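**Student:** Sequence:
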Amino acid sequence: AMSCGLTHFSVDGVPMANVRDGIMDIGRIHIRTSSRGDTEGCRASTHFYNMPEEVDELIRCVRYIAENPTKFA
Numbered sequence: 001a002m003s004c005g006l007t008h009f010s011v012d013g014v015p016m017a018n019v020r021d022g023i024m025d026i027g028r029i030h031i032r033t034s035s036r037g038d039t040e041g042c043r044a045s046t047h048f049y050n051m052p053e054e055v056d057e058l059i060r061c062v063r064y065i066a067e068n069p070t071k072f073a
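Under our numbering, the letters of the sequence shown match residues 1 to 73, in that order.
The set of hints was computed from the structure by calculation and includes no laboratory data. Predicted, not measured: the structure shown is a model, and the values here were computed from it. We put the beta carbon where it would ideally sit given N, CA and C, even for glycine. Do not rely on the hints blindly, as some may be mistaken.
Derived CB-CB ranges, DEER-like [what the hints assert, rightly or not]:
hint : residue 1 : residue 2 : range
1    : Val55     : Ser34     : 14 to 20 Å
2    : Thr46     : Asp21     : 16 to 22 Å
3    : Cys4      : Ser35     : 16 to 22 Å
4    : Thr70     : Tyr49     : 32 to 38 Å
5    : Ser34     : Ala73     : 25 to 31 Å
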């Protein structure tokens, strides 16, 4: 009945720390970077208590960074 969601992603050509910092600067959303072996990325906790609008805001931030990678490289 209860579960938690973790979303692991990266933005091609942008260091993960820069993605993390960009999301904080743009949307005031706190995420973490993570790595396991040779897999590196950003981790967002999209738990059941997040509102759809909050997830949409995260997507908006990631999309902006992906469309403007030189600003974050």
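**Student:** Please go over all the hints and tell whether each is borne out by the structure.
**Tutor:** Hints versus structure:
| no. | hint | result |
| --- | --- | --- |
| 1 | Val55 - Ser34: 14 to 20 Å | holds (19 Å) |
| 2 | Thr46 - Asp21: 16 to 22 Å | holds (19 Å) |
| 3 | Cys4 - Ser35: 16 to 22 Å | holds (20 Å) |
| 4 | Thr70 - Tyr49: 32 to 38 Å | holds (35 Å) |
| 5 | Ser34 - Ala73: 25 to 31 Å | violated (20 Å) |
Checked against the numbered hints given earlier, the structure breaks only hint 5 and satisfies all the rest.
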